[in-house]
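Visitor: For the sequence shown, position 294 matches number 293 in numbering that gives the first Met the number 0, and the numbering has no gaps at all.
Careful: at least some of the hints might be erroneous.
[Said to hold, decoys possible] DSS-like, lysine-lysine: derived pairs with alpha carbons at most 30 Å apart:
no.: 1; residue 1: K8; residue 2: K93
no.: 2; residue 1: K55; residue 2: K8
no.: 3; residue 1: K110; residue 2: K93
no.: 4; residue 1: K110; residue 2: K284
no.: 5; residue 1: K93; residue 2: K284
[As the list claims (entries may be wrong)] Between beta-carbon pairs, the in silico distance windows are:
no.: 6; residue 1: L115; residue 2: T203; range: 14 to 24 Å
no.: 7; residue 1: N207; residue 2: R31; range: 37 to 47 Å
no.: 8; residue 1: S227; residue 2: D146; range: 18 to 28 Å
no.: 9; residue 1: E121; residue 2: R74; range: 18 to 28 Å
no.: 10; residue 1: H53; residue 2: R117; range: 30 to 40 Å
no.: 11; residue 1: G280; residue 2: D3; range: 32 to 42 Å
no.: 12; residue 1: P70; residue 2: P285; range: 31 to 41 Å
no.: 13; residue 1: L2; residue 2: G280; range: 34 to 44 Å
no.: 14; residue 1: G280; residue 2: E33; range: 34 to 44 Å
no.: 15; residue 1: R74; residue 2: A252; range: 51 to 61 Å
Rather than coming from a laboratory, the hints here were simulated on the basis of the structure. These figures come from a predicted structure and were not determined experimentally. The beta-carbon is built from N, C-alpha and C at its ideal position, and this holds for glycine as well.
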Amino acid sequence: MALDYPADKLRLLVITDGSTDNSGQVLARYPRVEHLHAAPRGGKSLAENRAMQHVKTPYVIFTDANTELNPQAVRMLVRHYQDPQVGAVSGEKKIRPQADAPGAGEGAYWKYESFLKRCDSEVYSLMGAAGELVSFRSALFAPLEADTILDDFVQSLRIVQQGYRVVYEPAAYASEDASASLPEELERKIRICAGGWQAMSRLTGLLNPLRQPLVTLLYVSHRVLRWSLAPLGLALLLPLSLGLALSASGLVATFYGVLLAGQLALYGAAWLGWRQALRTGRAAKPLVIPLFFTLMNVAVFLGLRRFVRRAQPAAWAKASRRPSIADTLPKAA
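All chains, please: the whole structure from these sequences, using the hints.
Guide: Written as structure tokens, this is what we have:
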């Protein structure tokens with residue numbers, strides 16, 4: 000409601016499908032807000048498909064209920080549509096600093112991810128948008144399959160397949176808290192990885208270098224390798240390093256011995272961080288990055304298993320996060 004944008008040019012739609020709390024009563028206090036609600040909880044993709052039937056504006060912005068946008072977010076996003084080749088704009092996801100949250104390492108990861116997005120955008124186009132804050136040209140939005148897990152990723156890359164660019168705007172950002180529970184953080188990562196495998200199975204056209212060679216290069220290097228070969232390579236590197244360290248001699252054996260020791264130190268730190276977080280609710284700061292890195296790569300294999308078994312529902316399971324401003328709205332009597 001505090002967005003710095005002309006009110007007469009901004010429509011606010013809130014979807015609460017499957018909600019069982021008093022969200023509807025709270026939203027009724029804000030005349031500018033249009034509330035859409037359906038009893039079944041079918042997932043974000045179905046909710047967005049239904050909401051788009053009510054969108055009449057040339058551009059649409061999606062965000063999540065647990066995020067807070069900076070006041071200039073809308074202005075920063077829509078300014079890019081002056082370029083007719085821009086089909087979508089992704090904002091930045093920020094994790095609020097919380098040293099005592101088990102998911103605090105997520106903030107470091109998103110700083111790295113934001114750097115990659117900035118590079119992709121400068122080269123040509125993002126390879127996937129952040130669902131916490133993403134904008135599309137309404138005319139380019141195509142209804143997604145009901146079981147789509149990563150709606151933002153699939154929708155944005157299908158726009159790229161149409162020949163448009165998805166650009167990055169770090170001056171528009173959505174802030175949220177890190178996960179409050181380490182098992183919930185791992186579950187979230189497994190879900191994302193299952194969605195990544197599903198998306199790769201549906202975006203095979205991006206693998207054709209004859210159609211869009213630069214897009215194929217960015218997509219394969221930034222997404223396909225990171226979700227497939229890179230974790231597999233890390234899994235194989237440990238036993239290979241052990242075998243080479245034992246079978247080689249001289250400087251070669253020393254090199255592989257150091258490489259093996261580094262891997263053991265990394266995974267040992269991750270294991271200690273996991274045990275500590277489960278026991279005390281947080282991991283020591285030096286253990287956070289190794290823990291988060293290891294969780295991401297373990298989640299790839301668990302996500303693949305879930306994708307193959309078709310065991311990942313489209314609807315999100317709500318993670319326990321700290322209260323946001325939205326949670327502090329007065330409750331209806």
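Visitor: Would you list, in rising numerical order, the hints stated earlier that this structure does not obey?
Guide: none
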